[in-house]
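*Asks:* Here is how the chains run, residue by residue.
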Amino acid sequence: MKQRFISSVQVILQLALTTVGLTGESYPGKPQIIRCRSLEKETFSCWWKPGPDGGRPNNYTLFYSKDSEEKLYECPDYLTSGPNSCYFDKNHTNPWTTYIITVMATNEIGSNSSDPQHVDVTSIVQPDAPVNLSLETNTSANMSYLWAKWSPPPLADASSNSHIYHYELRLKPEEKEEWETVSVGMQTHYMVASLQAGVKYVVQVRCMLDLGEWSEWSSERSIQIPKERLPPEKPTIIKCRSPEKETFTCWWKPASDGGLSTNHTLLYSKEGEEKVYECPDYRTAGPNSCYFDKKHTSFWTIYNITVRATNEMGSNVSDPHYVDVTYIVQPDPPVNITLELKKSIKRKPYLVLTWSPPPLADVRSGWLTLEYELRLKPEEGEEWETIFVGQQTQCKMFSLNPGKRYIVQIHCKPDHHGLWSEWSPEMYIEIPTDFRVKDLVVWIIVGVLSSFICLIMSWIMILKGYRMMAFILPPVPGPKIKGIDTHLLETGKSEELLSALGCHGFPPTSDCEELLIEYLEVEDSEDQQLMPNHDTPSRNAKIILKETDSDSGRGSCDSPSLLPVKCRESRGLPSSLQTQDVRAKEKKGGKGSWEAQCMASEQKTLPCNSESIKSCTWLAAQLPSNQPAIFAYHSTVEAFKITLNTTNVNPSPVLVGNEENCQSLYPIAETLYDDMEKISEMENSKTDQTTVQVRQNQHNEKSPFLNPKLMDYVEVHKVRQDEEPTLLLKHKENSGKTKKCTVPGANKEYTKVSTVVDHHILVLLPDQRTQNTPVSQEPVAETAQNLQQSQAEKNTSCSTTTASDSRRDTSGSDYMDPSSFMPSFK
Amino acid sequence: CHTSGMLTPNGKEYAQKIPREELTHLILKLLQAWKEPLSHFNQHIEHYQELPDDSLSKAKQISNMVHELKTGVEKSMGIISNSLNGMESSEGTALSFGNEANMMSDSDFIHCFRRDSNKVQSYLKILKCRIMPENSC
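Keeping their order, the protein sequence lines are chains A and B.
So for the first sequence, the UniProt record's numbering puts the first residue at 1; every next one is plus one.
So for the second sequence, the UniProt record's numbering puts the first residue at 1; every next one is plus one.
One or more hints might be untrue.
Stated by the list, open to error - List of simulated lysine to aspartate or glutamate pairs, EDC-like, C-alpha gap at most 16 Å:
#	chain 1	residue 1	chain 2	residue 2
1	A	Lys234	A	Glu312
2	A	Lys413	A	Asp332
3	A	Lys30	A	Glu136
4	B	Lys58	B	Glu74
5	B	Lys125	B	Asp53
6	B	Lys125	A	Asp415
7	A	Lys294	B	Glu13
8	B	Lys128	A	Asp362
9	A	Lys404	A	Glu430
10	A	Lys294	A	Glu312
11	A	Lys295	B	Glu13
12	B	Lys125	A	Asp362
13	A	Lys294	A	Asp324
14	B	Lys125	A	Glu371
15	B	Lys125	B	Glu13
Said to hold, decoys possible - Which residues of chain A face chain B? A partial, calculated answer using Cβ under 10 Å:
#	residue
16	Trp217
17	Pro243
18	Thr249
19	Glu273
20	Tyr277
21	Thr297
22	Thr301
23	Arg364
24	Gly366
25	Leu368
26	Thr369
27	Asp415
No lab work stands behind these hints: they were computed from the structure.
Note that CB positions come from ideal geometry on N, CA and C, so glycine has one too.
Could you put the whole structure together from the sequences, leaning on the hints where they help?
*Replies:* Below is the structure:
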């Protein structure tokens, strides 16, 4: 227990000691001299800052020494300049010495001294700022001046006022940032000019001795420069208006008032009077206005109105405004606009818009008559439609679309000179959509039906379009030649062709006769096969002047290359046919004749030359492969007759008869040769001057060998002077030795035909082989018959070969081969 | 204006206070006063080259209208006899009117005519609404 007590006491003692040691048992921190300053070069002060406190109160002492003297002086005055300062008065201040000043801080424990400060009095001179700054403004002759006055800084020693200070003044407008500095000199007042009127300025002053620094700026002083005072500017009268033709009001616009409050007065005089009145009422119509009530309003007189603005500086008068109240009437907009939807049974509902005139306007007495105008537009629209309504107060509108929203406005004006009022506030119109169910149903039904019909139509078109097209645009039939199979020709098998031609040299069978009787159907189309037309009823000298379609075959017939051959053929046909027929009749078994006949029949007669007679008939015979040629024969004579009768005698240089022949179908006549002769005579008699004489070859013995090849040549007769040249079909004369078949005994001259002109004129080539070759243009004569006759005879034996030859010759020759001009046969 | 001398009501109240006959008389007087000056004017402007053609025809039209209006008013008011009296008194003044009118410039002439025609129109309207108030009055 004792030990415990002792130990605790020791602890306590130790604690006390340490605490004592902790609480500021150290010497003070180092002070610091802040600044030293002299106000007037005769005294100066120094201020220091104490260092960190050592814990105990410090004592500060200032020691100084002069220049390089050793002696230390203590501060003479610690009080004058405030705490922590030292004031050196006049006696202790020597401007030409350098003071070395130190401050020492002392406390119980120890002391600390600051760094020494070297002070040169002359370098630390800075006076106080001037005081008592006062400002005044002076305005004279529209110029404002600022007058500033101040006092030099006060000094402790009032006697030493001999100091000369230099002053500087600075000023700026209150809101601005930049100062304008003016050097004043040594006077304590200054006048500033060129100041902005109406601006508040801020002014400061500072001073300086001849040595040292400028003082601080004095405290600010501000002053307001007064604004310019001007007389007011000229006001202007804006407008005068009368809303109901009984009173009126005028408004004016004041101009700048020159900074002072201005008064406005309105003065007027009436036309014819001298007296000037003042506005009776400035208030009713608002500021800057004048209201003339009924008593003061006169009509049909011109008012001369002016406004005068007055202020302290002066007054100004506006320009005069002349007004006659009758012409300045601008009413208020109409009121009580109502809409009414009127439904009439018959027509669409329409809208009736009614309104009433503005309340002030006295329409009742007739003093003021108003005219109204509407404007209308759909809500989303841009343009207004304006409707002038006149003096009535209602309007019926028919042309509105149901369901749409419209905006409508009305305004009015007096019926004489006046102004339009403002537009009334917008009125919205919406017409209920009046969908009659009946209408809708009808439309739906119509729509459904029509779509249905369209569907059906389209279906029909799709399914039977082909036929329809055929119906609408019937195809052009082409020539059909029985017995000739186009395909066979195309394939080029001569055997088959010949068989098709049916001239294989078989005796004419009854079938043949049948064929003879039947007429040949001619088709023009290449695609179609040449179908024989077995017209069994038409047997035995039935002349089937089958005229194929006028379209058919014409073109082909008209082709120049075809013509001569055609003609030849045609011409040759009858005769050949004749002969063949004769032969057939005579010798039915005669192969040759049969052949000839068949050949003849195979010929294609084409319309020759005649322009008018353009029908062309092609003998197209499609032969069954095994059958002999089926020919349809017509009675030549009859054919001729018919042709003669039917055809007109043409002025064209074509033999009438031949024309007829050409025109008609292939009259593969069965007429006798005699008949033929007769006919030819007839033909001869009928010939025109321009027609070529038909020459009948008397060469009956010659089977008409209606070889296509035969058609190539035209036998040229000598041209008689008084006659047209005649042409006889010639067959090829020794046309190359390839020809096996040459027409024997042909003393006639043959010439090649180069071209056919005008469908009826043969242009012949000079025949190299023949001696007498009149090259002439000759109408294609229809001497084919003769030629054919002769040729047929000659070439009877060579029918087959010639046929083949002819075919062979087609290429590149200038003979007119049927193959050359019948593309289908190639 | 040469008709400035005429005492005409220059306000609605005054116009409404005047008895009907007097108003009619006034109208006729006014119309009469313009008859001559208008014809003079028409003659005068015929010499003007610069005027467009329709101006001349318009002026003639206006003179005719004035005359017709006068006749119409007379007939409708049935005061031919009164107008005769009025004519006598106004004939004298008409001459003076004519003289005065001649001295006016063209623009003044037109201005005066415009005003007077407006007067006539207003008086007639008041008259109409007094007599037949049911028609748009």
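*Asks:* Take the hints in turn and mark each one as holding or not.
*Replies:* For each hint, the structure was consulted:
no.: 1; hint: A:Lys234 - A:Glu312; result: holds, 15 Å
no.: 2; hint: A:Lys413 - A:Asp332; result: holds, 9 Å
no.: 3; hint: A:Lys30 - A:Glu136; result: violated, 52 Å
no.: 4; hint: B:Lys58 - B:Glu74; result: violated, 24 Å
no.: 5; hint: B:Lys125 - B:Asp53; result: violated, 32 Å
no.: 6; hint: B:Lys125 - A:Asp415; result: holds, 11 Å
no.: 7; hint: A:Lys294 - B:Glu13; result: holds, 9 Å
no.: 8; hint: B:Lys128 - A:Asp362; result: holds, 14 Å
no.: 9; hint: A:Lys404 - A:Glu430; result: holds, 6 Å
no.: 10; hint: A:Lys294 - A:Glu312; result: violated, 35 Å
no.: 11; hint: A:Lys295 - B:Glu13; result: holds, 10 Å
no.: 12; hint: B:Lys125 - A:Asp362; result: holds, 12 Å
no.: 13; hint: A:Lys294 - A:Asp324; result: holds, 14 Å
no.: 14; hint: B:Lys125 - A:Glu371; result: holds, 14 Å
no.: 15; hint: B:Lys125 - B:Glu13; result: holds, 14 Å
no.: 16; hint: Trp217; result: violated, 75 Å
no.: 17; hint: Pro243; result: violated, 14 Å
no.: 18; hint: Thr249; result: violated, 17 Å
no.: 19; hint: Glu273; result: violated, 12 Å
no.: 20; hint: Tyr277; result: violated, 16 Å
no.: 21; hint: Thr297; result: holds, 7 Å
no.: 22; hint: Thr301; result: holds, 6 Å
no.: 23; hint: Arg364; result: holds, 6 Å
no.: 24; hint: Gly366; result: holds, 3 Å
no.: 25; hint: Leu368; result: holds, 8 Å
no.: 26; hint: Thr369; result: holds, 6 Å
no.: 27; hint: Asp415; result: holds, 8 Å
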